[in-house]
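Spelled out from the first residue to the last, the chains are:
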Amino acid sequence: MATGELNPNHYPAQRAAKVVQHYLTTRYGSPYRLFGVQKVHSGNAEDVADTGRKYQLEISVHEIISNVTQTCSAEVFFPRGETQSSPHVQASCEELLKTDTKAQEEALYQQYKTNQGLLSSQRLPDSYGHIEPDMKPFWHLGILASSFIMLNESTENTLYNMAQVANITQLATENEQLKFDCHTLLHDMVSQEIIHWKMLFTWSPGEGVKVLQKEQLPHCHHCEKPPNTN
Amino acid sequence: MEKIVKLWVFGLFLLIICGLETSRGHGLVEGLESMRNYDYTKYHPMDEIYEWMKDVERGNPELVSSAVYGRTYEGRNITLLKLGLKNMEAREKKVIWMDCGIHAREWIAPAFCQWFVKEIVNSYKTNKKLERMLQNLDIYVTPVINVDGYIFTWVNDTTRLWRKSRSPPPASGSCYGVDLNRNFNANWGTVGVSFDSCSNTYCGTSAGSEPEAKAVMAFVGKMVNQTLCFLTIHSAGQLILLPYGHPQISAPNYDELISVGEAAAGEMKKVHGMNYTVGTSPQILYANSGSSRDWARLLGIPFSYTFELRDKGEFSHLLPEDQIQPACEEAYVGALSIITYVHDKTFNNSTLPNRGFSLVSKKAVWSTVMAVFLTGVLV
Numbered sequence: 001m002a003t004g005e006l007n008p009n010h011y012p013a014q015r016a017a018k019v020v021q022h023y024l025t026t027r028y029g030s031p032y033r034l035f036g037v038q039k040v041h042s043g044n045a046e047d048v049a050d051t052g053r054k055y056q057l058e059i060s061v062h063e064i065i066s067n068v069t070q071t072c073s074a075e076v077f078f079p080r081g082e083t084q085s086s087p088h089v090q091a092s093c094e095e096l097l098k099t100d101t102k103a104q105e106e107a108l109y110q111q112y113k114t115n116q117g118l119l120s121s122q123r124l125p126d127s128y129g130h131i132e133p134d135m136k137p138f139w140h141l142g143i144l145a146s147s148f149i150m151l152n153e154s155t156e157n158t159l160y161n162m163a164q165v166a167n168i169t170q171l172a173t174e175n176e177q178l179k180f181d182c183h184t185l186l187h188d189m190v191s192q193e194i195i196h197w198k199m200l201f202t203w204s205p206g207e208g209v210k211v212l213q214k215e216q217l218p219h220c221h222h223c224e225k226p227p228n229t230n
Numbered sequence: 001m002e003k004i005v006k007l008w009v010f011g012l013f014l015l016i017i018c019g020l021e022t023s024r025g026h027g028l029v030e031g032l033e034s035m036r037n038y039d040y041t042k043y044h045p046m047d048e049i050y051e052w053m054k055d056v057e058r059g060n061p062e063l064v065s066s067a068v069y070g071r072t073y074e075g076r077n078i079t080l081l082k083l084g085l086k087n088m089e090a091r092e093k094k095v096i097w098m099d100c101g102i103h104a105r106e107w108i109a110p111a112f113c114q115w116f117v118k119e120i121v122n123s124y125k126t127n128k129k130l131e132r133m134l135q136n137l138d139i140y141v142t143p144v145i146n147v148d149g150y151i152f153t154w155v156n157d158t159t160r161l162w163r164k165s166r167s168p169p170p171a172s173g174s175c176y177g178v179d180l181n182r183n184f185n186a187n188w189g190t191v192g193v194s195f196d197s198c199s200n201t202y203c204g205t206s207a208g209s210e211p212e213a214k215a216v217m218a219f220v221g222k223m224v225n226q227t228l229c230f231l232t233i234h235s236a237g238q239l240i241l242l243p244y245g246h247p248q249i250s251a252p253n254y255d256e257l258i259s260v261g262e263a264a265a266g267e268m269k270k271v272h273g274m275n276y277t278v279g280t281s282p283q284i285l286y287a288n289s290g291s292s293r294d295w296a297r298l299l300g301i302p303f304s305y306t307f308e309l310r311d312k313g314e315f316s317h318l319l320p321e322d323q324i325q326p327a328c329e330e331a332y333v334g335a336l337s338i339i340t341y342v343h344d345k346t347f348n349n350s351t352l353p354n355r356g357f358s359l360v361s362k363k364a365v366w367s368t369v370m371a372v373f374l375t376g377v378l379v
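Listed in order, the protein sequences are those of chains B and L.
1 is the number of the first residue of the first sequence in full-length UniProt numbering; add one for each residue after it.
1 is the number of the first residue of the second sequence in full-length UniProt numbering; add one for each residue after it.
Simulated from the structure, these hints should not be mistaken for laboratory data.
Some hints could be false.
Unchecked claim - Below, a sample of chain B positions facing chain L; criterion: calculated Cβ distance under 8 Å:
id	residue
1	Pro79
2	Gln116
3	Ser120
4	Arg123
5	His130
6	Ala163
7	Gln164
8	Val190
9	Glu193
10	Glu224
11	Asn228
Since this is a predicted model, take the numbers as computed values, not measurements.
Glycine residues also receive a C-beta, built at the ideal position from the N, C-alpha and C atoms.
With the hints as constraints, model all of the structure from the sequences given.
The structure is reproduced here in structure tokens:
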């Protein structure tokens, strides 16, 4: 494993930077604030005794919706141990969080809270990469919830992106939170696998996303037989 | 009496010529029309791509020919278009290879191969440099190698993200398909692969076990001495990968591969500002073996690259159709940058442009012949 100064274009720094992206999304993301890694400027890695590996990165983070980019410092620690453990991330990216999304979030919240039926959508984006404008917030909510999973599941040997929201359904709630049931497809670039996750999560402008339940779905091999076989 | 016979013969001759011109003319006109009406900014199912290839060939007979060089597992044709102009000095032509769609879900790749052909067809008559290159080079373009896989991704919503071929499970396994880009005869089965048939990087039962990989190796293998450049188009990630996928092997011309790759990435960035990272797979992505790019380099083809097109994870393989044009525009510039480099390196700009056939159309030739004949008959 590369130690010391890292080539910012090589995969160790790139994979660690992606973890920072997932962290920022879980911590500061909203249906109107989503992050991507624009560029890794520099990186450093070192082993921490027997406990794991620490990366220090200077990256440019891009807020996709307002199209603002900011340089951030971040630290990612990948624990090493008997059981799979999530990475720990620290990042300072204050400028990006100054975009004011309160009004839009309130409007969305009110829209979903007061609509007659419970909303639901499938295949975001569809096979052609298309998302109906009305459905974009659902796609964003799917990305937010998936980021918790992607952050949790990340290691030095993964590179996660959300490939698609297969299904997202609004559920009835007794409290102020909006509640959703969702099935998303995550793509891990390193293994090239598509991993299915089901989640139950809540969202409100004040509380952000909270994942109540999550479950990895098994790979359906018989689903992959030719269409005409039984 | 003699004059009447001569007139009849002449009349018959004219009829035959007109007949030939008409049938060839209609195919040509229809082909060109279809090409003009084809929407290159939409994703097309395989039957439309097969039809399009026929139209391109019919509409541009002096530039385009096609060849079927193999069959997929499910028995479908693996077809390429060969783009090239006649070389007037009767010199041996060199070869550029481009393939798209080894991985079924990477729809932007076949879209790019079609775009590439369209650009060449639409610009060679007015671009002297391109015309000269096409006189020295034959560019072989396979729009879809993994036809079975590509068709499977169109079956329904749940099959869209299929990656592999559609061969049946091996004796030792239970799942369909082989990762064709792990099946080539290049350090096969050593790194970055799985021997589990259910894995998306399953490398098959042996090197070249898959008909699609075997077809490429057989066809390109026959022309290896003339082949200057091997480009294999994928998505996503915005990368230009050079050989080798094995972390401990380096190509002898590594420095040149990097500089040519960087030049291509530089040109690509000028188009829409997108960054493409250049390096070997173990450096910038992951180690792997059995890739077509590695096979080509090991065989001796000096320039071999994998292009990973847009994007960097926002949509990944589900790239929206409104990005087809910008993605293809930047990829075209990148591919052409490499093709131009290898052409100029080989031909040293010593080739004079051939003015002969391109200026004088075949119709003009026939008219002249008929005029001379007519003059001869009536005199």
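Each hint tested on the structure:
1. Using the Cβ-Cβ criterion of 8 Å, the hint placing Pro79 (chain B) at the interface with chain L is not satisfied: the shortest such distance is roughly 22 Å.
2. Interface restraint check for Gln116 (chain B): the shortest CB-CB distance to chain L comes to about 27 Å, outside 8 Å, so the restraint is violated.
3. A cut of 8 Å between beta carbons decides the hint on Ser120 (chain B): the least distance to chain L is about 15 Å, and the hint is violated.
4. Nearest Cβ of chain L to the Cβ of Arg123 (chain B): about 5 Å, under the 8 Å cut. The hint holds.
5. Interface restraint check for His130 (chain B): the shortest CB-CB distance to chain L comes to about 6 Å, inside 8 Å, so the restraint holds.
6. Evaluation of the Ala163 (chain B) hint against chain L yields a held restraint, the C-beta minimum of about 6 Å falling below 8 Å.
7. Interface restraint check: Gln164 (chain B) against chain L, minimum CB-CB distance 6 Å, threshold 8 Å, status holds.
8. Below 8 Å, beta-carbon pairs count as interface contacts, and Val190 (chain B) has one with chain L at about 5 Å; its hint therefore holds.
9. With 8 Å as the threshold, the beta carbon of Glu193 (chain B) comes within range of chain L, its nearest partner Cβ sitting at about 5 Å, so the hint holds.
10. Interface restraint check for Glu224 (chain B): the shortest CB-CB distance to chain L comes to about 5 Å, inside 8 Å, so the restraint holds.
11. Hint status for Asn228 (chain B): violated, given a least beta-carbon distance of 10 Å to chain L, over 8 Å.
Hints 1, 2, 3 and 11 from the list above are not met by this structure, while the remaining hints are.
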